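In the order they appear, the protein sequences are chains A and B. Note that numbering that gives the first Met the number 0 has the first sequence beginning at 0, numbered continuously upward. Note that numbering that gives the first Met the number 0 has the second sequence beginning at 0, numbered continuously upward.
Heads up, a few of these hints could be off.
With a straight-line cut-off of 27 angstroms between C-alpha atoms, the simulated DSS-like cross-links for lysine-lysine are [said to hold, decoys possible]:
| id | chain 1 | residue 1 | chain 2 | residue 2 |
| --- | --- | --- | --- | --- |
| 1 | A | K110 | B | K332 |
| 2 | B | K19 | B | K48 |
| 3 | A | K19 | B | K332 |
| 4 | A | K306 | B | K336 |
| 5 | B | K332 | B | K110 |
| 6 | A | K133 | B | K302 |
| 7 | B | K25 | A | K345 |
| 8 | A | K40 | B | K302 |
| 9 | A | K25 | B | K345 |
| 10 | A | K25 | A | K336 |
| 11 | B | K48 | A | K25 |
| 12 | A | K238 | A | K271 |
| 13 | A | K48 | B | K332 |
| 14 | A | K108 | B | K336 |
Only some residues are given here: those of chain A computed to face chain B with a beta carbon under 8 angstroms [stated by the list, open to error]:
| id | residue |
| --- | --- |
| 15 | I20 |
| 16 | K65 |
| 17 | L67 |
| 18 | R83 |
| 19 | P150 |
| 20 | N285 |
| 21 | S292 |
| 22 | N301 |
| 23 | F309 |
| 24 | I323 |
| 25 | S325 |
| 26 | E342 |
| 27 | K345 |
These stretches of chain B come out as covered by chain A in the derived footprint (C-beta under 8 angstroms, 3 or more residues) [what the hints assert, rightly or not]:
| id | segment |
| --- | --- |
| 28 | 17–29 |
| 29 | 241–253 |
| 30 | 295–308 |
| 31 | 363–376 |
For the record, the hints were derived by calculation from the structure and aren't laboratory data. None of the values given here were measured: they were computed from a predicted structure. Ideal Cβ placement from N, Cα and C applies to all residues, glycine included.
Number of protein chains: 2
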Amino acid sequence: MNNFNIAILGCGTVGSGVAKILLDMKSELSIRANHTIELKKIVDLFPKKSAAPYNLPISLFCGGGKDLSPEEAEKYINEIIQDRDIHLVVETIGGTSDFVLNTILSTLKAKKHVVTANKAILAERGQPIFQTAKENNVCLGFEASVCGAMPIIKIIRESFNGDQVKEISGIMNGTSNYILSKMQEECLSFDTALKLAQEAGYAEADPTLDISGGDAGHKLAILIKLAYGADIDYKDLLKEGIRNIDQEDINLASEMGCTIKLICYAKKTNDKIYAAVKPMMVKNDNFLSKVNSAINCVEVNNKYSGKHFFVGKGAGSLETASAIVSDIVFTAKYDGKISNLPETVKCELVDSDHFEFPFNITFTTEDFPGITGLVATAIGEQKINIDTVSHNRHNKENAVFSVITMPCTMGQVKKAIHEIKKRAPSILLDDPKVIPILY
Amino acid sequence: MNNFNIAILGCGTVGSGVAKILLDMKSELSIRANHTIELKKIVDLFPKKSAAPYNLPISLFCGGGKDLSPEEAEKYINEIIQDRDIHLVVETIGGTSDFVLNTILSTLKAKKHVVTANKAILAERGQPIFQTAKENNVCLGFEASVCGAMPIIKIIRESFNGDQVKEISGIMNGTSNYILSKMQEECLSFDTALKLAQEAGYAEADPTLDISGGDAGHKLAILIKLAYGADIDYKDLLKEGIRNIDQEDINLASEMGCTIKLICYAKKTNDKIYAAVKPMMVKNDNFLSKVNSAINCVEVNNKYSGKHFFVGKGAGSLETASAIVSDIVFTAKYDGKISNLPETVKCELVDSDHFEFPFNITFTTEDFPGITGLVATAIGEQKINIDTVSHNRHNKENAVFSVITMPCTMGQVKKAIHEIKKRAPSILLDDPKVIPILY
Numbered sequence: 000m001n002n003f004n005i006a007i008l009g010c011g012t013v014g015s016g017v018a019k020i021l022l023d024m025k026s027e028l029s030i031r032a033n034h035t036i037e038l039k040k041i042v043d044l045f046p047k048k049s050a051a052p053y054n055l056p057i058s059l060f061c062g063g064g065k066d067l068s069p070e071e072a073e074k075y076i077n078e079i080i081q082d083r084d085i086h087l088v089v090e091t092i093g094g095t096s097d098f099v100l101n102t103i104l105s106t107l108k109a110k111k112h113v114v115t116a117n118k119a120i121l122a123e124r125g126q127p128i129f130q131t132a133k134e135n136n137v138c139l140g141f142e143a144s145v146c147g148a149m150p151i152i153k154i155i156r157e158s159f160n161g162d163q164v165k166e167i168s169g170i171m172n173g174t175s176n177y178i179l180s181k182m183q184e185e186c187l188s189f190d191t192a193l194k195l196a197q198e199a200g201y202a203e204a205d206p207t208l209d210i211s212g213g214d215a216g217h218k219l220a221i222l223i224k225l226a227y228g229a230d231i232d233y234k235d236l237l238k239e240g241i242r243n244i245d246q247e248d249i250n251l252a253s254e255m256g257c258t259i260k261l262i263c264y265a266k267k268t269n270d271k272i273y274a275a276v277k278p279m280m281v282k283n284d285n286f287l288s289k290v291n292s293a294i295n296c297v298e299v300n301n302k303y304s305g306k307h308f309f310v311g312k313g314a315g316s317l318e319t320a321s322a323i324v325s326d327i328v329f330t331a332k333y334d335g336k337i338s339n340l341p342e343t344v345k346c347e348l349v350d351s352d353h354f355e356f357p358f359n360i361t362f363t364t365e366d367f368p369g370i371t372g373l374v375a376t377a378i379g380e381q382k383i384n385i386d387t388v389s390h391n392r393h394n395k396e397n398a399v400f401s402v403i404t405m406p407c408t409m410g411q412v413k414k415a416i417h418e419i420k421k422r423a424p425s426i427l428l429d430d431p432k433v434i435p436i437l438y
Numbered sequence: 000m001n002n003f004n005i006a007i008l009g010c011g012t013v014g015s016g017v018a019k020i021l022l023d024m025k026s027e028l029s030i031r032a033n034h035t036i037e038l039k040k041i042v043d044l045f046p047k048k049s050a051a052p053y054n055l056p057i058s059l060f061c062g063g064g065k066d067l068s069p070e071e072a073e074k075y076i077n078e079i080i081q082d083r084d085i086h087l088v089v090e091t092i093g094g095t096s097d098f099v100l101n102t103i104l105s106t107l108k109a110k111k112h113v114v115t116a117n118k119a120i121l122a123e124r125g126q127p128i129f130q131t132a133k134e135n136n137v138c139l140g141f142e143a144s145v146c147g148a149m150p151i152i153k154i155i156r157e158s159f160n161g162d163q164v165k166e167i168s169g170i171m172n173g174t175s176n177y178i179l180s181k182m183q184e185e186c187l188s189f190d191t192a193l194k195l196a197q198e199a200g201y202a203e204a205d206p207t208l209d210i211s212g213g214d215a216g217h218k219l220a221i222l223i224k225l226a227y228g229a230d231i232d233y234k235d236l237l238k239e240g241i242r243n244i245d246q247e248d249i250n251l252a253s254e255m256g257c258t259i260k261l262i263c264y265a266k267k268t269n270d271k272i273y274a275a276v277k278p279m280m281v282k283n284d285n286f287l288s289k290v291n292s293a294i295n296c297v298e299v300n301n302k303y304s305g306k307h308f309f310v311g312k313g314a315g316s317l318e319t320a321s322a323i324v325s326d327i328v329f330t331a332k333y334d335g336k337i338s339n340l341p342e343t344v345k346c347e348l349v350d351s352d353h354f355e356f357p358f359n360i361t362f363t364t365e366d367f368p369g370i371t372g373l374v375a376t377a378i379g380e381q382k383i384n385i386d387t388v389s390h391n392r393h394n395k396e397n398a399v400f401s402v403i404t405m406p407c408t409m410g411q412v413k414k415a416i417h418e419i420k421k422r423a424p425s426i427l428l429d430d431p432k433v434i435p436i437l438y
């Protein structure tokens, strides 16, 4: 059996998990891969700290176990890239820096396979990476980059080759789903739920990327590339997080038979991609509404085979690592002959104004008669059919009420709101909250 | 672009769906496969009838469209097997006859790839098929054989190569799940629910294979082969269907926070496989309990990446066909270099007496004092811890009550029941009903 030698760059939460599984399961993995899978080298700035959680042998670390300066680490990385005895490099440094990008590109150019969990760089700067892998005829494994251990990359790229992906809707950020679940199950405020998420290890000290929809957006951009071959510009993707969701929204959703979820949504019609990360009110008979806590769920709706749901842990050290190891085994087994890289198709990412959904629009207004009529008239004038005007909640200072529309575009809704503001500048006490309803 | 030519043997519900997708999506599939995917020939006894639902061109049918005798069909099949211009044969004849087995084996020996949805033959007579494919270095695609469009074969064979499958539990028979859902949601009797399933097209006129657990057993045997490499003897697999479930069981399950599902269960410990198809009481916080109607759901519990759930339509013409077409595209793309065939590992299928679960045992007895004590004593003597003795329901003639045990083996439960019968031969009015509880 030939050797298939691995180096790991960056031995944090995920990288150390990869090392652990490669060592623990070496003989089993080698049988599956028909190659002796050998972890040869690890580069990390702080070997002792990184080796500790899984008790990794310190001898694997470049530099013999002492802490490295960035320059030393770079030197070792370059040695690995030049080393003809290394067949595959695991990039678990993370981030979108030039350094990481160049490391990946140099590795691919040196005809080494790369496996990475780095969703951010693939979403924001993926184009040269995919192209360089293709030009150099080497594999780029990135199953771990979207929803950790859930095998959604392989499913979309390979399992649905006999079908056509019409629509993707997913819960792809565990932190946000944990917070929303706590807010809904235990009537907590956003801030209390966020604090709980941090205490439980589901949210970072700085949770911005998670709760802003940025992390979910990275994953959605990658799935769009896979399902539709489209290189969308990550910057142009609408990403709205859960920061503004409050108990008022949650109660209203519940009364409407819905659950609020942060949804990654994409659909292709002709050459146009409709996509966004947005909190949505998910109807309770949709399976996505039942997925709680830090769990991920992706729904893929296909032309021939209908709706599929995939549920699993979207993050975690060994969870994400297992997806990386799976990519390693597959690459070794087929000597890198299997390429998962999608063809690039010309597609246009449509402005979110063209997004078509039924919407729930919540207005907070002054409390006097006639406002409902004014609002409903302005909405009707934009050719939006109204499903329900519901739930007038009057308190001392204001009225809160919701208009649920039939399917219309976000642009129509915006125009209606603009008209209301123009006609009665003072009655809206807050910007109306617009939440799509997902059936 | 080279041609990749297909013949379809058997153009019933699934075969005709394959033909439709191959024709509808030809240009798209050809790009994905990097080969021109060409449907060349179809063999079916009744071309006109088979062509009708999707309006397939009659010119594709061997014999020019006229009905064929079995002898004529066999002649055309042999021509296809000899035809150097056919690269892949889709077997959608179905059944476990010698004729179908020999057709598959001859096709593989003629160095043609085979794609099939035939779970029965793979489960009952799969060994020579897998071996012949391997010896002849050709592909055997069978994604469609387990849960139709749900890509569970590829997931278990490839996506979890960096992990270890600890346990599989699945709802893998849509008919049974439809019937149980109707019984639970609408308080229907088994017979009424079965009739509804037949009217809705979810159950055959003769539903035996579905409601007896046989069909689910076929799928489970294939998954056991994939996950554990074990060639179990299908005959030895415990298969118990839903025929004996009644409203009494359903009410009791509901009071215990459970839902009754027909579960395909498999676990490997050392070299031993524990497996069965059995109705189980699934705890309502287990995702499987939420999957209703004719939908399938497979839970895979892995060592590193934890629990995954895959939900989708397990049957249907185009649904199953899309899985077959996906196998065709993948085989064409890689010129048949990718083999999904598992290595065979020596494993023993453990007798179901060793099956360990918490159990619910329902006793129907004569109604007089002392019986609960007698039953509980006999159970305790088998070193079974009792969790709850619940729900004494006394009516004029008898008492119905349930004992919920802590985890123990089926063998222990059987012995306890045997003891009760021996000590008080007349008190049991019916065989106690033993249902495992799935957390």
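Each hint, compared with the structure:
Proximity of K110 of chain A to K332 of chain B is assessed by CA-CA distance (about 22 angstroms); at most 27 angstroms being required, the pair is judged to hold. Straight-line distance between C-alpha atoms of K19 of chain B and K48 of chain B comes to about 15 angstroms, which keeps the hinted pair within the 27 angstroms bound. At roughly 34 angstroms between alpha-carbon atoms, K19 of chain A and K332 of chain B are farther apart than 27 angstroms, so this suggested pair is violated. Only pairs whose Cα atoms come within 27 angstroms are accepted, and K306 of chain A paired with K336 of chain B is rejected, the gap being roughly 30 angstroms.
A distance of roughly 17 angstroms separates the Cα atoms of K332 of chain B and K110 of chain B; the hinted pair therefore holds under the 27 angstroms criterion. With a CA separation close to 33 angstroms, the supplied pair K133 of chain A and K302 of chain B exceeds the 27 angstroms bound. For a cut-off of 27 angstroms, the pair hint linking K25 of chain B to K345 of chain A stands: about 20 angstroms separates their Cα positions. Restraint check for K40 of chain A and K302 of chain B: the C-alpha separation of about 25 angstroms stays at or below 27 angstroms, so the hint holds.
With a CA separation close to 20 angstroms, the supplied pair K25 of chain A and K345 of chain B stays within the 27 angstroms bound. Distance check on the hinted pair: K25 of chain A and K336 of chain A sit about 22 angstroms apart at the alpha-carbon level, within 27 angstroms; holds. For the hint linking K48 of chain B to K25 of chain A, the alpha-carbon distance of about 55 angstroms lies beyond 27 angstroms, and the restraint is violated. With a CA separation close to 18 angstroms, the supplied pair K238 of chain A and K271 of chain A stays within the 27 angstroms bound.
Of the supplied pair hints, the one linking K48 of chain A and K332 of chain B is violated, its CA atoms being roughly 45 angstroms apart against a limit of 27 angstroms. Of the supplied pair hints, the one linking K108 of chain A and K336 of chain B holds, its CA atoms being roughly 25 angstroms apart against a limit of 27 angstroms. Because the closest C-beta pair between I20 of chain A and chain B is about 6 angstroms apart, less than 8 angstroms, the hint holds. Annotation: interface hint on K65 of chain A violated; nearest CB of chain B at approximately 30 angstroms, more than 8 angstroms.
Taking 8 angstroms as the C-beta cut-off, the interface hint given for L67 of chain A is violated, the closest approach to chain B being about 28 angstroms. Among the interface hints, the one on R83 of chain A is violated; its C-beta lies about 25 angstroms from the nearest C-beta in chain B, farther than the 8 angstroms criterion. Below 8 angstroms, beta-carbon pairs count as interface contacts, and P150 of chain A has one with chain B at about 3 angstroms; its hint therefore holds. Taking 8 angstroms as the C-beta cut-off, the interface hint given for N285 of chain A is violated, the closest approach to chain B being about 12 angstroms.
Interface hint status for S292 of chain A: violated, as the beta-carbon distance to the closest one in chain B is roughly 11 angstroms, over 8 angstroms. Look at N301 of chain A: its Cβ gets to within about 7 angstroms of chain B, closer than 8 angstroms, so that hint holds up. Interface restraint check: F309 of chain A against chain B, minimum CB-CB distance 6 angstroms, threshold 8 angstroms, status holds. A cut of 8 angstroms between beta carbons decides the hint on I323 of chain A: the least distance to chain B is about 7 angstroms, and the hint holds.
Given hint, S325 of chain A at the interface with chain B, holds; its Cβ is 3 angstroms from that chain's nearest Cβ, closer than 8 angstroms. A distance limit of 8 angstroms between C-beta atoms decides the matter here; for E342 of chain A the minimum to chain B is near 7 angstroms, and the interface restraint holds. Of the supplied interface hints, the one on K345 of chain A is violated, with its beta-carbon coming no nearer than about 14 angstroms to a beta-carbon of chain B, more than 8 angstroms. By the rule of at least three residues with a Cβ nearer than 8 angstroms to a Cβ of chain A, the coverage given for the segment 17–29 of chain B holds, with 4 such residues.
Restraint check on the segment 241–253 of chain B versus chain A: 0 residues with Cβ-Cβ distances below 8 angstroms, three needed, restraint violated. Coverage of a stretch by a chain is defined here by at least three residues with a beta carbon nearer than 8 angstroms to that chain's beta carbons; for the segment 295–308 of chain B and chain A the count is 7, and the condition holds. Only residues whose C-beta sits within less than 8 angstroms of a C-beta in chain A count toward coverage, and the segment 363–376 of chain B has 0 of them, not enough to reach three; the restraint is violated.
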